[in-house]
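**Student:** Residue numbers (the working numbering), protein chains in the order written: chain A, 6 to 308; chain B, 6 to 308; chain C, 6 to 308; chain D, 6 to 308.
Because the hints were derived from the structure by calculation, they are not lab data. Misleading hints may appear alongside valid ones.
Identical copies look the same in the list; a pair holds intra-copy or inter-copy alike.
When the alpha-carbon atoms are kept at most 16 Å apart in a straight line, the in silico EDC-like pairs for lysine to aspartate or glutamate are as follows [stated by the list, open to error]:
| no. | residue 1 | residue 2 |
| --- | --- | --- |
| 1 | Lys-226 | Glu-70 |
| 2 | Lys-134 | Asp-268 |
| 3 | Lys-134 | Asp-272 |
| 4 | Lys-304 | Glu-236 |
| 5 | Lys-132 | Asp-272 |
| 6 | Lys-239 | Glu-51 |
| 7 | Lys-226 | Asp-272 |
There are 4 protein chains.
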Amino acid sequence: MAKTHHFVPERYHLTLGSHEPVLVIAPGDTVLTSTVDASGCDSTGEKVVGHGNAQTGPFYIQGAEPGDILSVKFERIWPNRTYGYSGCGLSSNVVEPAYVREIPGEGDRSIWNIDLKEGTATLQRPKVKIDPFVIALNPMMGSFGVAPAGGQAISARTGGNYGGNMDYRGVVPGTTIYFPVFVKGALFHVGDGHAAQGDGEILGRGIEVSVDVTFSVDLIKNGGALWPRGENEKEIFTIGNVRPLHQALQHATTEMLRWLQKDFQMDAPTAHMLLGQYVRYQIGNVFNPAYTVVCKLEKKYLP
Amino acid sequence: MAKTHHFVPERYHLTLGSHEPVLVIAPGDTVLTSTVDASGCDSTGEKVVGHGNAQTGPFYIQGAEPGDILSVKFERIWPNRTYGYSGCGLSSNVVEPAYVREIPGEGDRSIWNIDLKEGTATLQRPKVKIDPFVIALNPMMGSFGVAPAGGQAISARTGGNYGGNMDYRGVVPGTTIYFPVFVKGALFHVGDGHAAQGDGEILGRGIEVSVDVTFSVDLIKNGGALWPRGENEKEIFTIGNVRPLHQALQHATTEMLRWLQKDFQMDAPTAHMLLGQYVRYQIGNVFNPAYTVVCKLEKKYLP
Amino acid sequence: MAKTHHFVPERYHLTLGSHEPVLVIAPGDTVLTSTVDASGCDSTGEKVVGHGNAQTGPFYIQGAEPGDILSVKFERIWPNRTYGYSGCGLSSNVVEPAYVREIPGEGDRSIWNIDLKEGTATLQRPKVKIDPFVIALNPMMGSFGVAPAGGQAISARTGGNYGGNMDYRGVVPGTTIYFPVFVKGALFHVGDGHAAQGDGEILGRGIEVSVDVTFSVDLIKNGGALWPRGENEKEIFTIGNVRPLHQALQHATTEMLRWLQKDFQMDAPTAHMLLGQYVRYQIGNVFNPAYTVVCKLEKKYLP
Amino acid sequence: MAKTHHFVPERYHLTLGSHEPVLVIAPGDTVLTSTVDASGCDSTGEKVVGHGNAQTGPFYIQGAEPGDILSVKFERIWPNRTYGYSGCGLSSNVVEPAYVREIPGEGDRSIWNIDLKEGTATLQRPKVKIDPFVIALNPMMGSFGVAPAGGQAISARTGGNYGGNMDYRGVVPGTTIYFPVFVKGALFHVGDGHAAQGDGEILGRGIEVSVDVTFSVDLIKNGGALWPRGENEKEIFTIGNVRPLHQALQHATTEMLRWLQKDFQMDAPTAHMLLGQYVRYQIGNVFNPAYTVVCKLEKKYLP
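Throw the hints in and build the complete structure from the sequences for me.
**Tutor:** The following block contains the structure:
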């Protein structure tokens, strides 16, 4: 019987790694929990852990073995407090090098009031020429994944084939992410909620908030994924996390080819032709140590 | 009085450069003309010029001076023959290096029948497991632009701040592109129509066709653009064309910041905050010598 | 009193991290120890640990605190067995993408006999047209460094600001490397000896051997390094480890500017002018997940 | 009979292209001529052409056909005036993005007195803490090459498979460069002398001077080069010119493999093994629109 777990975190990790599990769950189970914001502040605004996308978890999934795929479906993501923060100026690495000198307040924080009833965020400071500056909430998870291979513990600020900090706007309720499993139990971590964000997280931050998050997990034995995959109602997608940006695109594209050929009954010519005509790319982040490119294909084109 | 010119090309250029103009037109004028396909074949399938995105033009725009902006609005783009060709396997530089050996038929051509009435393209060969493989036409222009600076003549296979081979799916009827003017008369060139294409032109080709194209031109004096800009009904956008992919994103992003601050009455903090929350990126091509990234902002967010 | 420690390793780590120290040493001390080869085989050829540049250590340096610099001088590096292995074909990511299909035996091993008396390595297999293929030994350490920041444990196959897998031919006896210290005790790890290697480790491997290594350590309090630095009799140098290659060069260059200004009594104009006229770059590796660029300056040019 | 031509330039080109030849020469001939500095100033300091590595030539080589190789041996390169200029601060794209704000006087010129008798350059301004700042002359050519393919004319500020702006310190008297020939007559251009320069031309300029240059030319029919190659007394080398830096390395490495296999009687396994153990890389420039990587192999290792 699938269970629903209410998990209240008491400590957090600044790395994704083979840490002591906080909870053992089974395939099919659902977890309701919460995450702190990117700087380690919780729903009350108290700093409970250091800066750097602190992770709730890890959750041990019974039966998960290296070579399997862990699926995580996000059921709900919603801010659990009424303010968030973001950046003020674009990151120095997303503008032309000589233009860096023109960036206003790189590293400074902007502060946003969050209206949970209206589903909006309103800029409090700095004052800009659009006033009020109100945006619609689009709560998403930025950094999450499984324990990396080989006993590694890697900062939740970066990412790789195990997930990590991807900052993909598409990770909203209703989205499922599939991870390669590298260690027994998979060890799922989750953190870094954003109330909203543009492509690329080019301010160096989304609108950073602590959130309540609900997710359910499942296992695909011997799944064969080498990089994170995902799906929502309309699309399947794959994710590459690495620098440079072009290599992230190469990983995402190649993973999609592998997926189409293994699980969608296509031979190579069919997979290449289909992807060539219908592929859509989206940029997750171009700020973190590992950039993120998402390779997408609408489900309606799948045979 | 704005004029409409019917121009039948008799020769083509494989470079964008300061070539002898084929027609002198005035701001406000409209031109109906045609382009050959990427391999130099015309509406009858006859090869009339060499391979490499041969360009129709250049068109001399009266009054255009270096420092101005030339606007080109595409009114109509439609195939003028009933077949097109594309690739069979993804380009070797869009997959992981070690995966290159798995590419089926890189460099081979796929052949598509085009039904101009239905607005579809149907794969003729090779045979793949999706049969029939029918896609909706989305005719667009791949390579076009103005004469580059400094007396240069640059292959229509690549691109830069003057435009060139961008392969952006968004260049469809209703779209306006704004170019920095580098030479007297601007010298607009146009070629490389695609019946349809995925993001990135990852097969190394769209569905390559000869097309009939109608465009109108206008001038903005002392416009201040450093890279191509554009707009459609819903969005404004900027375009960076260069390798690596990340630098293309830097140029597009920086050009958008310049545009917002110069022409939309924003100061730097406002432009950065707005772009940071609402930017959307799209990849034009990741195949050509110069990759293309498009930085987009929905008009509804502009003050 | 500086001590000399003879340390015989009994276990190895596949990551650089905050592992339990194997030995506590003091600034000024010297350690004689050994490392296994990149695949985990020791001086007898026995596989004693998994593949991936297994590290001897970590060594805890008394008094080392975050913000200090740990200096490690390599006194001796010498193979402790009579065979090594390397690659047969260049790595797929150092040739043009379409040329990948021409690589002979990528991933295969070549086997070399090592004559410790003559100081040579002779190719045993595969047979190539140069026969005998004899090269002079130039023993060096490929992967070594301190524990990374933030509780991370990172594969010894890659590198970063804490060192790691740099595969720089210049790390030979007589060379000192300076590391930023991120954790109490610094936790120095060392592994991955090469009998010889070209620039870039473009075969994906040097001539991989187990080695005997002797090093001495020292501390510079509050040193201010952000990336590894080094020196030999003739040069000072800095090291950047990251993809893409150009960013590795940016880190190495910037670190040299910081060093010149902090420790060599230069103002910014002097440091820039000196480096601009005299800089030499060398490529450590272009194979690992993080590429390595070394920025060098001859000591004779220092004031 | 080989002839010696004394050619006094009267006009210059800011692009490498299929321009009207200024002189027709035969294989075996020698040319004594001069070049202006990067900003277009001649031996008297007079500005005779615009900024941008203006080229002397082109020289038409009798018998050169596409597919041949043009060899150009530099016999003499020597400043023909007593001052040069360089930069003051490193280029914004060779430092970490956030460090750009620390660059002193990016874009400013430093002025150097050149003592042609002593063979030295002495910094005149700005004043720095090394005083006098005297460096040894190492005169070299920065930008030169043949007409590119396909009727292109490309700015002498950038480079490609036809040569162009490579800023490789190794192009000194005694060095021979081999170019693929793309057009009848090859059309050799030469310009951009430097009195001296560090690796990478990281100040954005070498010590820019007008020079007297003597070179002799020869032809290799059907040579098979795809990128520039070269040799000096001790080494053979190949050159890649493109962004990003890693791709320049890929072209140079692949061209060396092609050369070794075609002209040095090696099969693929031998060429890979030899290059893998002995390759040396050097960075030409990391400032121009196309970066330059040189792949080198000492002649003593060739069979």
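**Student:** Which of the numbered hints are not met once you compare them with the structure shown?
**Tutor:** Of the numbered hints given earlier, those the structure breaks are 6 and 7, listed in rising order.
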